[in-house]
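Spelled out, the chains give:
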Amino acid sequence: MYTSKAAFLAGLIMTSLFFNNVFAQPVVKQDSVITRTPSFILYLGGGFSSYVANINPQPESRVRNVSRTNPTGTFRLMWHPGHRLWLGVESGYNNFFSYELKSNNETGKVSLHAVPLMVVWSMPVIKRISIFAGIGSYLLTSDLKYHGNVHSKFFSLGSDLAVVYTQPVAHRFGLAAEIKWMNAFETRDNALGLQVQMVWQFIKF
Amino acid sequence: MKKNISIFLLSVFLFACKKEYKVTMPDAGTWDLFNDPAAQALPAATKTAMEGVYTVTNASVMFGKLAAVKWSYVINNGDTTFHVSGFFGTDIAYFICEGKQLNGAILLNGYWRKMVSTETGLVHLTIDATAGASLLLSNSPLVSEGMVQMNGFYGQGQQEPLTPLTLTYARKLNHSPTPFQIAAHRSGGRTSDLLPVSENSVAMILKTSEFGSTGIEVDVRYTKDGVPILYHDNTLNLREIQKSGLVGPIENYTYDQLSVFVRLIHGEKIPTLREALTAVVYQTPLTFVWLDTKYVGSVKPVQRLQNEFMQKAKAAGRKLDIVIGLPAQVQFDEFLSLPDYASTPSLCELSIDDVAKSNALIWAPRFTEGTQNDEVAKIHAMGKKAFVWTVDVPEFITRFVNEGHFDGILSNFPSCVAYNYYVHQ
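Protein sequence lines, in the order shown, are assigned to chains A and H. Position one of the first sequence corresponds to residue 1 (this note's numbering), numbered consecutively onward. Position one of the second sequence corresponds to residue 1 (this note's numbering), numbered consecutively onward.
Derived by calculation from the structure, the hints in this document are not laboratory data. Just so it is clear, the structure is predicted and the values come from calculations on it, not from any experiment. Incorrect hints may have been included.
Result set (PhoX-like, lysine-lysine): computed pairs, CA atoms no more than 20 Å apart in a straight line [stated by the list, open to error]:
#, chain 1, residue 1, chain 2, residue 2
1, A, 102, H, 269
2, H, 269, H, 300
3, H, 384, H, 357
4, H, 114, H, 22
5, H, 224, A, 153
6, H, 47, H, 100
7, A, 109, H, 224
8, H, 224, H, 269
9, H, 172, H, 65
10, H, 269, A, 109
11, H, 114, H, 65
12, H, 294, H, 224
13, H, 294, H, 314
14, H, 319, H, 384
15, H, 224, A, 145
So that you can see chain A by itself, here it is in the shape it has in the complex (with noise of 0.2 Å):
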C-alpha cells in the first residue's frame, strides 16, 4: 500500500514538471508586487477552514459538540521559474473537525488533524490573481480522549486547489486572501478554508 503510495506520488511529481515545461509560456508582465522574474517566494498565512464533508460517528445521539470551523495555517515556498507556471512545495497545518462523545456517563473527545504536504504549481490567470493546485498526501492524526490518550496517524492521499489575490505591500512584500479546497481523498476528509498570508520575494535571481 505504501510502495504504491509513493510510486503514484513519483509519478505525480514527474507529471507536474512534465506540463511545467511543456506549458511553459515567456514571462508575461502583471501589475505585481510580485514580479515575474525567477524568483523564490514564500506564503506564509492562517485563518479559519470549515469541514464540508459527512461526519458519520455513532451513535448519534451521544455526539455532542461538533466542531467543524477551525483554525487552518499554511507555509508554501513557491519557485517562480520565470514563466507563467511556477513550481513549489506546501504544508501547513488544518484542524478537520472534533466532537465528543458521551458513554456510560463518560465524555470522550476525537479530534482529526491534517497536515498537507504537497507539491503545488500555479498560475496567474488574472491581475494579482493566481491559482495554486497541490498534489500530495495528508498526514492525518487522531487524538482521541477516553480511557487515555491516542495519537494515531495515517497517511490520506490528497489534492487541494487555491485562489490567492495579491495586494503589494511594500518592495518584495504583499498580502494575499485566500480560498482553498482541501481534498484528503483517501479518507473522503474535505475542507474549505479562508486565510490571510504573507507573501515574501526573498531570493531573485
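Model the placement of chain H on the given structure of chain A, informed by the hints.
Frame of chain A, contents of chain H only:
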C-alpha cells in the same frame, strides 16, 4: 489554449469521482397472503424433503437452467428462523425466502439478488397442494423428479413480483462421501459486495448460512490491550468503518475505545473473537471456523478461545472445527513455539512439508496454483484435508468443484460454490 487544457486536466484530476453503487434490499413483508394470520410454520421433514436440485423454467435466461434449493437456520434470542435459499448458475444469483403453509399450500416469500450487479427484487413462490405441497406436508415425504413444482413470480426492486418463475424438482442435492466445506470469506462476504451487513461482523456470521456457507473464515487482530477482535485491514479506513475521525492502525486503540467510537459500515460494533465464536456455536449451523491470523504476536489468547469454544460446541452437541490459520512464516514460527502446537487444530497455507511439521489438519494453497490433484492426494494420504482460497470467479469455482479434489473452498461468493457443489453429478 494550453492554459485552458492544463486547467481542464487539473480539474478532471482533482474532481474526478467514482460512482457509488448501492443495493437497496427490498422489503419482503408486503405479501398479504404470506402475512395471513392462519399461515403456519413448515414442519422440519417438509423442509428437508424440499431440498434438492430444481430445473428453472420461465426465467432460465435470468437465472440459469438449474437451482440448488437448501434450508438454513439462525437462532436469535431463543427463536429459530428458517430460510430457504435457491442458488442459481447465472450471475451468482440467489433467492432467500421464508416459508409457511396456508390452506394446504406452501408459500415462499423473500428476495433475489445477483452478486455481479446491484439487481435485486422480491420473490413470491407457491407450491400448491397438487404441485407437491400435499406430499411435502405429509408425515414422511419422499420426493422424486417432477413431484414438486414451485410456481410464482419475481420482480425488480420493491415492485410487485409479476415475472413468472417456475422451479421443478429434479434430483437430490449432491453430497460427497466426505464432508465438503463451503467456507465464506470474512465471515460471509466482503462489504464491497454490497451485502446488507458488514464483513467480519456478528450480523454477517448470522446471515452467511443463507448464502450457502457451511463454514467461515474470519480475520483476527489484537487491540492495544490484547483483545482478539475481527477486522481485516491493518488500518481503520472507510472501506470497513463509518467515518469517526479515528485513523491509523487498529492496534493503536483499546477495545473499549473501538467499542465506543467505531462502527462498521453497516453500523455494527467491531466484534471480539469471543462474541463471534459465541454466535457461531449458539446461533448458527456452521461447522467450521478458520481464524485467519492477521496479527504478529502470541497465538496463546486465540488458542485459549479456540479450546474454550470447541469444548462449548461439543457440550452443545454441535460438530464444530475451529482452526488457527498459519498464512506466513512468521505466524508459522510463532505457532510452533506453542508447547502443545501439535495438538492444536491449525490450517497451514505454506508447503506440504510445513503441514507435516506443524501437524496442521488442513493444507490451504492459493487458487492460483490450480487444482494440484497430486498434492491434494498426498495430503489425503497423510490423513489431512485440503482447502483452496480465495476463489471468486464463477468459472474457477466450477473448475475446482468439478475437476479438483479439495475438501473445501473459501470464497466471497459461497452461494456460487454452493450452486456448483450441490448440482455437481
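Between the alpha carbons of residue 294(H) and residue 224(H), is the straight-line distance 20 Å or under?
holds (14 Å)
Assess, step by step, whether the Cα of residue 47(H) is no farther than 20 Å from the Cα of residue 100(H), and give holds or violated.
The hint holds at about 10 Å.
Given the hint that residue 269(H) pairs with residue 300(H), test it: the Cα-Cα distance must not exceed 20 Å.
violated (24 Å)
So if I understand the rule, the pair passes when the alpha-carbon distance is 20 Å or less; does residue 114(H) with residue 65(H) pass?
Given pair residue 114(H), residue 65(H) holds - Cα atoms ~15 Å apart, limit 20 Å.
Pairwise hint evaluation, residue 22(H) against residue 114(H), where the allowed Cα distance is 20 Å at most:
OK: residue 114(H) and residue 22(H) at ~13 Å, within 20 Å.
Straight-line alpha-carbon gap residue 294(H) to residue 314(H), limit 20 Å
Since the Cα atoms of residue 294(H) and residue 314(H) sit roughly 27 Å apart, the hinted pair is violated (cutoff 20 Å).
Between residue 172(H) and residue 65(H), is the straight-line Cα distance small enough, at 20 Å or below?
holds (16 Å)
Please work out if residue 384(H) and residue 357(H) have their alpha carbons no farther apart than 20 Å.
holds (13 Å)
Could you grab the alpha-carbon distance between residue 319(H) and residue 384(H) and see if it respects the 20 Å cut-off?
holds (18 Å)
Tell me if the straight-line CA distance from residue 224(H) to residue 153(A) falls inside 20 Å.
At roughly 15 Å apart (the allowed maximum being 20 Å), residue 153(A) and residue 224(H) satisfy the hint.
Run the distance test for residue 224(H) versus residue 269(H): straight-line Cα separation, threshold 20 Å.
holds (17 Å)
So if I understand the rule, the pair passes when the alpha-carbon distance is 20 Å or less; does residue 224(H) with residue 145(A) pass?
holds (15 Å)
In this structure, the hints that do not hold are numbers 2 and 13, in rising order.
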